[in-house]
Amino acid sequence: METSTATLEEVGSGELIHPFRINFPQADLDDLNRRILATRWSEKETVDDFSQGASLATLQALANYWATSYNWRIIEAKMNALPQFITNIDGLDIHFIHVRSKSPNALPIIITPGWPASITHYIKVISPLADPEAFGGTAEKAFDVVIPSMPGYGFSGKPTRTGWGPERIAKAWVVLMKRLGYDKFVAQGGDWGALITEQMAVQAAPELIGIHTNMPGVVPPELDGAAFTGMPAPSGLSEEEKYAYEQLVFVYQHVYYAFYMASRPQALAALADSPVGMAAFLIDFDTRGLALIARAFAGQNESLTRDDILDNITLFWLTNTAVSAARLYRENKLAYFSPKGITIPVAVSAFPDELYLAPRSWVEKAYTNLIHYNKLDKGGHFPAWEQPELFVNEMRAAFSSLRG
Amino acid sequence: METITETLEEVGSAESIRPFQFTFPQADLDDLNRRILATRWPEKEPVNDQSQGVPLATMKALAHYWATEYDWRKVEAKLNALPQFITEIDGLDIHFIHVRSKHANALPLIVTHGWPGSIIEQMKIIGPLTDPTAYGGKAEDAFDVVIPSMPGYGFSGKPSTTGWGPDRIADAWVTLMKRLGYQKFVAQGGDWGGLITDVMAARSPESLLGMATNFPCAVPVEINNAAFGGAPAPDDLSAEEKQAYDQLVFAYKHVSYAIIMGSRPQTLLATADSPVGLATMFIDHDQPSLALISRVFAGGSEGLTRDDVLDNITLCWLTNTAVSGYRLYWENKHPFVAPFGVKIPVVVSAFPDELYQAPKSWAEKAYPNMIYYKKHNKGGHFAAWEQPELLVNDIREGFKTLR
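Residue numbers (this note's numbering), protein chains in the order written: chain Y, 1 to 404; chain G, 1 to 403.
Derived from the structure by calculation, the hints contain no laboratory data.
All figures in this text were calculated on a predicted structure; none of them were measured in a lab.
Don't take every hint at face value.
Lysine-lysine pairs mimicking BS3-like chemistry, simulated, CA-CA at most 25 angstroms apart [said to hold, decoys possible]:
(1) K333/Y with K138/G
(2) K102/G with K78/G
(3) K102/G with K184/G
(4) K138/G with K102/G
(5) K375/G with K400/G
(6) K44/G with K333/Y
(7) K333/G with K44/Y
(8) K242/G with K375/G
(9) K124/G with K400/G
Let's have the full structure, built from the sequences with the hints guiding it.
What follows is the structure in structure tokens.
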């Protein structure tokens, strides 16, 4: 890809912010296509459901569409229509989208993607957030939007040393926001983005006035431990809590990809060499997400299109970041769903197909300064991608009490 | 590949035993080489040890040797020099090596490989077991050796429906031995082969004179559960037991590959499409064997050669059995190292670099009829492959009293 080296803003040496554009050489796209067409398949799975992972039929449909109908240049152009930059923070190049709203009192927000996600997940929500009047909102709901690529993801640098866990990323995000001139901002995330956003709240930089999460870390530790070992639900849980507990038990029995990446990221070298193999791994992040994606490739029109799915996967492929992204699991020492002791204002959106639907009772205990809680009736693990309108509405509602 | 299909022995159409030979088309080998050379690499790991898995430098050394020096035809010729057969059992083609000893009264032995393994693991023990006088043994040490490929592995069929777990494989092995005319026999294995051998001994004691294992299912259930949960060692363990316990805790923290294969075998499709990716997955079975294999590809000379390692990986590649092999983990419902209640005579080989070195105290409890126990001071998870002499000696000595 080409990066422009002209400096936009000079805030002191080492703090340069370079404009950035994506332009992968055609040879990379040709190589990708050649590899897709040369995929050596395994035999069909021995079951008629997704209990062994993505079905061969889904993967073959995905590969067929990828090789014959998909056009990377469309999403590349969409991303390049957005202002993108690279700046070095704590020794690593950090790539980010930065869209300033035309509204004078826009609230700055930093949104962090998760795994297996990327900036492509947010393409649909950026304009509605930054320019609400053009999308059914009012000017006072406007955001200045910053969406960074995490270390080892997309166009950010790949760490060559250990240490880039959620805590360090959280610190880097505050540096980034301040470098952009924001002395008051909010943060949002799901999946890794949620853990990182929560770490920002734990670190509680004075500039951070509130956070929003769609994957809240609110499971009481003793319940989290019990769910991890697969024990039956303890007595004394409300119906809503019991449901969440059972979801967690199921999750812990199905996120082995997370344990594998945390233990042996190098063992996934095959993902760097096989695009369809990488796709098979990346679309199986949770059973509902996989089912949704499989329906999309079976021709059903739902919240995600085939292009949505392949935009994200192709970005992973072209940047060769499957293994570097997996290393975040290795770096992490935090429990995924346990409360972290956050006292600043927190807004929560609970989507039904999330790994677990956080009950209000747990949320209130974990976040002593809860400013918004909404239980949605549709949407899953990646709501900005899958339910952009709901996500935008949630952002507008969540932070309204924090606007000056 | 080409296979010979004429029937050697017709015992009834479903029970025919067909001789088997194979020669992979040159096009398959060319395609493999092209893929190795076209490998797209990840960046170097951010550590200077093997704590994140196979180092990039090891992958590259392996790939370089594989593409430029390795010759599949050598092991193909060695395999084809052995009598191999295919027979259908319980609806699936089962491939096996079957070498009858020239010595009368040879003891029939079925040896089962594991993951990430194949019949390649057992190549070095066939000669010494079947023809002991040529390898420093006595005629009365002779075995008739049967080495099957597990369902989904090597040249055996790939199950198209679920159900081929260890119990069904164990039953199939008894059928196989009887079909070959062996009413009573002994069995040996490590890794899955160890577990299947234990299951066979528990399910078919009337057919087995005895069994041998270098992967004993001998961890007391409560200790196994505690180790799985990562709890500190219970107070009342001996020093030897404590060491085994600590090894188990470590193993359970590092066999996440087993857990992902057991949960989502399809997500590992990339290893069917990327030979170097497959190799990376395969050589990271456990830390001592990864370290051993890395030393070998860095020029060291130890229990395994580069060709040994690549013979096994290339067989898996050419038969496209990576994913079908993983499914055995999905099928399995047994704990890996807990006792199965085996009552028949048992021979135990305990190697120090095994996932855990089984203490005699545990082995005695798990196997009340243990007739031989040997604690070795070298050797790891792949005993037959890596320390064939030691294992052959255990098999000869261990089964002596059963003849």
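Hints, one by one, checked against the model:
Simply put, K333/Y and K138/G have alpha-carbon atoms about 58 angstroms apart, too far for the 25 angstroms limit, and the pair is violated. Only pairs whose Cα atoms come within 25 angstroms are accepted, and K102/G paired with K78/G is accepted, the gap being roughly 20 angstroms. About 19 angstroms separates the Cα atoms of K102/G and K184/G, which keeps this hinted pair within 25 angstroms; it holds. Proximity of K138/G to K102/G is assessed by CA-CA distance (about 12 angstroms); at most 25 angstroms being required, the pair is judged to hold.
Our distance criterion of 25 angstroms between C-alpha atoms is met by K375/G and K400/G, whose separation comes to about 18 angstroms. Of the pairs offered as hints, the one joining K44/G and K333/Y holds, with about 22 angstroms between alpha carbons and a cut-off of 25 angstroms not exceeded. With a C-alpha separation of about 22 angstroms, the suggested pairing of K333/G with K44/Y holds against the 25 angstroms cut-off. Distance restraint check for K242/G and K375/G: the Cα-Cα separation of roughly 16 angstroms lies within the 25 angstroms cut-off, and the hinted pair is therefore satisfied.
Of the supplied pair hints, the one linking K124/G and K400/G holds, its CA atoms being roughly 21 angstroms apart against a limit of 25 angstroms.
Hint check: a violation occurs at hint 1 only; the rest are consistent with the structure.
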